[in-house]
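Peer 1: Here are the chains, one letter per residue:
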Amino acid sequence: MRVDPERWRRLQELFHRAVDLGERERAAFVAAECAGDAELRAELDQLLASDPDADDAFRHVADRARPAPRDPRLGRRLGVYELVDRIAEGGMGVVYRARRVDGLFEHDVAIKLIRAECATEWMLRRFEFERRTLAALQHPCIARLYDGGTTDDGCPYFVMEFVQGERIDRHCERARLLLDARLRLFVQVARAVQVAHQSLVVHCDLKPANILIDERGTPRLLDFGIARLSEDAPAEAKSPSSNTIARVLTPEYASPEQLAGAAVTTAFDVYALGVLLYELATGRRPFESDSRSPAEWERIVREEEPVRPSTRAVRATEDAGAIAAQFQLTPAALRRALRGDLDRIVLMALRKEPERRYASVQELADDVERHLAHEPVRARGNSLAYLARTFVRRHRVPVAAGVLVFAALLVGLLAARHGERVAAAEARHAQTEADSFASIADFLMDAFLPAQPAQDAEWQARARERVLEQAERVRRQHANADHERANLLDTLGQVALRLDLQGDAEGLLREALAIRERAFGRQSLEYALSLQSLARHAYAVGDYAAAVALLDEALPIHRAAGSSTHADVSGLQNDLAAALRNLGREAEAEALHEAALAARRADDDGSLPVAESLNNLAGIHLARGEFERALRELREALAVRASILGDGHLLTLQTGSNLAAAAWRAGEVAEAKERMRRVEAGYRALGVDGEDGLGLALSNLAAMQLGERDLDGASASLREALALQQKRLGADHPVVAVTLATLAAWSHARGRDDEARALWEDVLRIRRAPDGNPRELAEALYGFGVFHSDVGEAARAEELVREAIALHAAHDLRDPLALARAESVLGGALARLGRKEEAREHLEAAARLFEGQPSAGEGELARVRRFLERLDRPAGG
Amino acid sequence: MPDFHRILRSAQEGDPEAARALSALLYEELHALARRAMADERPDHTLQPTALVNEAYLRLAREPDGSFADRESFFAAAANTLRRVLVDHARKRGREKRGGAAARVPLEGLDVAVPLADDELLSLDDALAALAEQDATKARLVELRFFAGLSVAEAGHVLGVSESTVQREWRMARAWLRARMDGARGP
Numbered sequence: 006m007r008v009d010p011e012r013w014r015r016l017q018e019l020f021h022r023a024v025d026l027g028e029r030e031r032a033a034f035v036a037a038e039c040a041g042d043a044e045l046r047a048e049l050d051q052l053l054a055s056d057p058d059a060d061d062a063f064r065h066v067a068d069r070a071r072p073a074p075r076d077p078r079l080g081r082r083l084g085v086y087e088l089v090d091r092i093a094e095g096g097m098g099v100v101y102r103a104r105r106v107d108g109l110f111e112h113d114v115a116i117k118l119i120r121a122e123c124a125t126e127w128m129l130r131r132f133e134f135e136r137r138t139l140a141a142l143q144h145p146c147i148a149r150l151y152d153g154g155t156t157d158d159g160c161p162y163f164v165m166e167f168v169q170g171e172r173i174d175r176h177c178e179r180a181r182l183l184l185d186a187r188l189r190l191f192v193q194v195a196r197a198v199q200v201a202h203q204s205l206v207v208h209c210d211l212k213p214a215n216i217l218i219d220e221r222g223t224p225r226l227l228d229f230g231i232a233r234l235s236e237d238a239p240a241e242a243k244s245p246s247s248n249t250i251a252r253v254l255t256p257e258y259a260s261p262e263q264l265a266g267a268a269v270t271t272a273f274d275v276y277a278l279g280v281l282l283y284e285l286a287t288g289r290r291p292f293e294s295d296s297r298s299p300a301e302w303e304r305i306v307r308e309e310e311p312v313r314p315s316t317r318a319v320r321a322t323e324d325a326g327a328i329a330a331q332f333q334l335t336p337a338a339l340r341r342a343l344r345g346d347l348d349r350i351v352l353m354a355l356r357k358e359p360e361r362r363y364a365s366v367q368e369l370a371d372d373v374e375r376h377l378a379h380e381p382v383r384a385r386g387n388s389l390a391y392l393a394r395t396f397v398r399r400h401r402v403p404v405a406a407g408v409l410v411f412a413a414l415l416v417g418l419l420a421a422r423h424g425e426r427v428a429a430a431e432a433r434h435a436q437t438e439a440d441s442f443a444s445i446a447d448f449l450m451d452a453f454l455p456a457q458p459a460q461d462a463e464w465q466a467r468a469r470e471r472v473l474e475q476a477e478r479v480r481r482q483h484a485n486a487d488h489e490r491a492n493l494l495d496t497l498g499q500v501a502l503r504l505d506l507q508g509d510a511e512g513l514l515r516e517a518l519a520i521r522e523r524a525f526g527r528q529s530l531e532y533a534l535s536l537q538s539l540a541r542h543a544y545a546v547g548d549y550a551a552a553v554a555l556l557d558e559a560l561p562i563h564r565a566a567g568s569s570t571h572a573d574v575s576g577l578q579n580d581l582a583a584a585l586r587n588l589g590r591e592a593e594a595e596a597l598h599e600a601a602l603a604a605r606r607a608d609d610d611g612s613l614p615v616a617e618s619l620n621n622l623a624g625i626h627l628a629r630g631e632f633e634r635a636l637r638e639l640r641e642a643l644a645v646r647a648s649i650l651g652d653g654h655l656l657t658l659q660t661g662s663n664l665a666a667a668a669w670r671a672g673e674v675a676e677a678k679e680r681m682r683r684v685e686a687g688y689r690a691l692g693v694d695g696e697d698g699l700g701l702a703l704s705n706l707a708a709m710q711l712g713e714r715d716l717d718g719a720s721a722s723l724r725e726a727l728a729l730q731q732k733r734l735g736a737d738h739p740v741v742a743v744t745l746a747t748l749a750a751w752s753h754a755r756g757r758d759d760e761a762r763a764l765w766e767d768v769l770r771i772r773r774a775p776d777g778n779p780r781e782l783a784e785a786l787y788g789f790g791v792f793h794s795d796v797g798e799a800a801r802a803e804e805l806v807r808e809a810i811a812l813h814a815a816h817d818l819r820d821p822l823a824l825a826r827a828e829s830v831l832g833g834a835l836a837r838l839g840r841k842e843e844a845r846e847h848l849e850a851a852a853r854l855f856e857g858q859p860s861a862g863e864g865e866l867a868r869v870r871r872f873l874e875r876l877d878r879p880a881g882g
Numbered sequence: 019m020p021d022f023h024r025i026l027r028s029a030q031e032g033d034p035e036a037a038r039a040l041s042a043l044l045y046e047e048l049h050a051l052a053r054r055a056m057a058d059e060r061p062d063h064t065l066q067p068t069a070l071v072n073e074a075y076l077r078l079a080r081e082p083d084g085s086f087a088d089r090e091s092f093f094a095a096a097a098n099t100l101r102r103v104l105v106d107h108a109r110k111r112g113r114e115k116r117g118g119a120a121a122r123v124p125l126e127g128l129d130v131a132v133p134l135a136d137d138e139l140l141s142l143d144d145a146l147a148a149l150a151e152q153d154a155t156k157a158r159l160v161e162l163r164f165f166a167g168l169s170v171a172e173a174g175h176v177l178g179v180s181e182s183t184v185q186r187e188w189r190m191a192r193a194w195l196r197a198r199m200d201g202a203r204g205p
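Going down the list, the sequences are from chains A and B. If you're matching positions, the first sequence starts at 6 in our numbering and goes up one per residue. If you're matching positions, the second sequence starts at 19 in our numbering and goes up one per residue.
No lab work stands behind these hints: they were computed from the structure. Idealized CB from N, CA, C, for every residue including glycine. Do not rely on the hints blindly, as some may be mistaken.
Here are the simulated DMTMM-like pairs of lysine to aspartate or glutamate, each with C-alpha atoms no more than 25 Å apart in a straight line [claimed, not checked]:
hint : chain 1 : residue 1 : chain 2 : residue 2
1    : A       : Lys357    : A       : Glu310
2    : A       : Lys732    : A       : Glu676
3    : A       : Lys357    : A       : Glu301
4    : B       : Lys156    : A       : Glu11
5    : B       : Lys156    : A       : Glu44
6    : B       : Lys156    : B       : Glu172
7    : A       : Lys357    : A       : Glu368
8    : B       : Lys156    : A       : Asp25
9    : B       : Lys156    : A       : Glu48
10   : A       : Lys357    : A       : Glu374
11   : B       : Lys156    : A       : Asp50
12   : B       : Lys156    : B       : Asp106
13   : A       : Lys678    : A       : Glu713
14   : A       : Lys732    : A       : Glu696
15   : A       : Lys678    : A       : Glu633
16   : A       : Lys678    : A       : Glu865
17   : A       : Lys357    : A       : Glu309
18   : A       : Lys357    : A       : Glu511
19   : A       : Lys357    : A       : Glu257
20   : A       : Lys841    : A       : Glu874
21   : B       : Lys156    : A       : Glu865
22   : A       : Lys732    : A       : Glu760
23   : B       : Lys156    : A       : Glu18
24   : B       : Lys156    : A       : Glu309
Residues of chain A placed beyond 10 Å of chain B at every Cβ, according to the derived structure [said to hold, decoys possible]:
hint : residue
25   : Ala40
26   : Ala54
27   : Asp56
28   : Gly80
29   : Arg104
30   : Ala596
31   : Glu766
Sequences and hints are given; from them, build the entire structure.
Peer 2: Right, dumping it as structure tokens:
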């Protein structure tokens with residue numbers, strides 16, 4: 006049985022060399038190397054036939070039997086064709102060369118015989134339906150599909166044009182084609198796919214094995230429309246094996262949505278072409294499948310970003326030199342050739358979200374042609390705004406801790422409640438059941454996972470593995486205990502949420518929800534708790550509308566459950582209010598905060614929750630310019646938090662920071678600065694945990710210093726604030742916009758108006774984000790308007806400020822002071838433009854509004870009145 | 019299991035006595051786990067070898083955040099033991115009810131999307147024994163990858179070879195096993 010070691014070594018060597026060859030060369034290679042040694046040859050053939058990583062990665066699944074030495078089907082007739090040669094074997098079946106027996110035509114055809122277990126009734130009916138379309142698809146680069154039918158034993162087959170050629174990847178490699186030649190080949194392929202798309206045919210299985218280069222060097226695409234016949238069958242029409250096959254079907258070229266089983270679209274082919282382009286340009290695929298399980302592969306394709314082609318080209322771990330040599334280049338030269346345009350083109354085709362890829366294959370082909378012609382390409386890298394958005398999405402929980410007004414006010418929200426809960430536990434406050442599960446989540450987080458930012462991919466992958474393992478255990482060990490199983494899955498879902506594993510979190514939370522719904526009904530508290538968990542998930546991914554809907558459903562259940570849960574009701578109201586405020590529904594948010602505050606005040610254990618409500622309410626009041634009220638609320642909140650949590654606690658510092666900002670806006674400059682300095686020191690003492698707060702405190706401090714014309718002090722604060730915020734929040738975060746606005750004001754104060762203008766443009770761009778807050782946009786428009794008015798561009802000032810005023814009306818912003826200032830700036834601009842009557846109208850409106858705001862508006866009211874008087878003097882006076 | 023880490027370390031350092039003790043310890047533990055998993059749950063419960071090893075690890079090592087090296091050598095030690103446990107189970111069930119396809123083990127580590135019935139597990143075991151005779155490294159690699167669920171990198175670490183070597187060996191080992199198992203079953 007055992008072969009001698011020498012022979013075994015030889016067998017191994019031949020195996021490894023053979024598997025790297027194409028089918029044709031392989032046969033010749035085996036024949037040559039094993040000449041005169043039939044036994045060795047038999048063994049090698051058997052090994053190669055069993056090779057799991059052969060082109061058809063699934064062959065061994067569908068076809069465990071060894072290929073017969075001679076196919077019994079050869080010589081058989083199918084319709085008017087006789088099978089003369091076996092060309093290839095694939096997952097769906099075997100491809101034969103065939104010849105017409107009636108002698109009508111000379112040329113050969115290829116017949117693809119589908120394995121019986123891969124065929125479904127549906128597929129055949131579908132083929133009947135589509136054959137006309139497919140038969141009409143004519144393009145020099147597309148192999149024609151002539152006909153199809155069913156054999157006597159029920160296997161469907163397709164009759165196709167017989168194409169002789171070499172796989173495109175092997176062709177490029179063997180011919181050592183230069184990069185540009187490869188790109189031109191790619192464009193030809195893409196154009197053919199484009200024509201097919203215009204005939205409403207999607208390929209669904211584009212890959213090198215389906216793209217042959219014929220002897221004239223023309224690419225020929227095989228199997229058009231065939232994969233699709235099984236791809237979008239309704240689930241019930243899919244046989245189990247066709248399902249398996251659809252998933253295993255060369256997964257390297259399937260887009261995330263295709264793997265997930267989405268309905269067929271042309272975006273599948275855009276993605277597959279992206280993989281092909283990546284491969285032709287780097288000699289590697291964006292992700293290597295190795296021996297991954299289908300589930301792991303799906304995760305990788307869904308979550309991981311491919312390495313840029315130019316980076317891939319010089320990866321030290323890979324054989325960069327040999328690959329670059331295929332392009333007749335050095336690795337560095339290949340890298341230069343790929344960097345920039347090609348990187349962008351490839352990555353755009355490979356985007357996870359189909360709607361963010363090229364909208365069509367045509368656009369992709371056009372862009373590659375533009376690159377070949379040295380014209381600017383359309384593909385853009387992920388914009389900073391996009392990166393920032395996804396970053397914020399990923400880090401929404403901590404970021405959501407800051408609800409901001411223009412004066413940079415931080416209000417603690419959902420994330421803050423976590424710390425508060427822990428603190429409350431320490432202070433021996435009673436806890437509800439929901440809280441105790443949140444504490445378990447906290448405990449698991451702390452016990453399980455080393456504190457480390459979630460950006461570390463490997464760390465996150467490990468953490469994820471652990472969460473999923475635990476979930477599996479919970480399902481096994483508590484299979485018969487719905488209560489425990491749901492509780493633990495919910496807890497794990499919350500852990501996943503903390504780990505930024507939003508997708509896994511949602512899955513776990515929904516699983517728990519379904520269990521609770523089934524076991525306890527839709528009126529149960531358990532069910533309501535699951536809704537709240539899902540709302541937290543929705544909040545974390547920035548879907549505030551969904552969060553509102555979920556909490557709206559949970560609230561009545563809690564109410565119906567009676568007084569024992571009223572701590573839950575107020576907590577829920579608080580979360581609901583936070584989500585509403587993010588949707589710009591301020592009035593509703595305020596009402597809910599008030600209701601929660603009233604309930605919490607009535608509760609014996611409510612001092613920390615009361616502080617939370619006060620803090621959040623103050624945010625709304627301050628935004629509206631109700632300074633006295635905001636200051637009162639914040640002072641009370643600060644006293645509570647400081648006495649229970651201590652001065653150095655994150656939540657105490659947050660409220661302190663808010664109070665400083667409020668004091669400053671209320672004109673109590675000395676108190677504001679002094680407080681902010683103390684807050685700054687507190688955050689610094691917290692290290693990394695305090696960085697978000699520190700960035701904001703410094704940004705606010707800079708605004709104060711600027712107000713006092715301390716330009717050097719402001720400059721230092723701004724520099725540090727920006728560095729911190731851009732590191733933690735990304736470039737386009739709304740919080741960063743505040744700091745940028747302050748920086749713009751600083752630049753303007755220094756006389757660097759071009760710089761200031763560019764910064765303001767940036768601020769405005771960030772604030773115009775589709776899901777942005779109208780109040781913040783109005784503030785930016787006003788600020789930029791003032792700038793224009795200052796530099797004498799009255800027309801532009803008018804435009805901007807009018808837009809701000811319109812926002813006040815449209816969104817009922819209820820901030821008379823801000824509106825008064827906008828009206829007065831508009832009046833000034835109009836006066837400068839010589840439109841006196843209009844100017845008077847707006848200045849008078851401003852004066853009326855200022856009159857209602859005695860605390861902050863007196864100096865400004867006087868200025869408006871003086872201006873009105875001047876306006877009344879006769880011209881030239 | 020206070021001695022566990024000491025035994026593990028000694029086994030790692032090549033002490034044959036410790037290796038035997040470790041193996042006995044593991045065998046017992048894995049058996050208990052497998053018994054529980056198979057007895058408590060639905061008859062069609064799928065038992066994933068890697069999940070079992072993980073659980074045994076968590077129980078024996080008593081520190082979910084144990085050092086990486088410990089974890090790796092544990093898994094390496096567990097691979098062979100787990101293989102024996104599973105095969106024992108399969109044999110026993112086979113004796114209890116001839117031809118009964120009781121618990122199924124998904125052969126995910128081998129990239130075979132079909133579940134492995136008892137008879138397949140037994141034939142894999144036979145094939146592995148034959149492979150060990152021919153090429154011990156490859157057989158060991160299959161144990162590590164399939165039974166202990168080690169990644170390519172981890173397996174390479176245990177065996178002291180590079181990842182690309184692991185990939186090549188793994189590919190050939192699988193082809194060989196598959197060819198052998200198919201051959202044994204007859205065309």
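Peer 1: Okay, which hints does this one fail, numbers in order?
Peer 2: As far as the earlier hints go, 2, 21, 24, 26 and 27 are violated by this structure, in ascending order.
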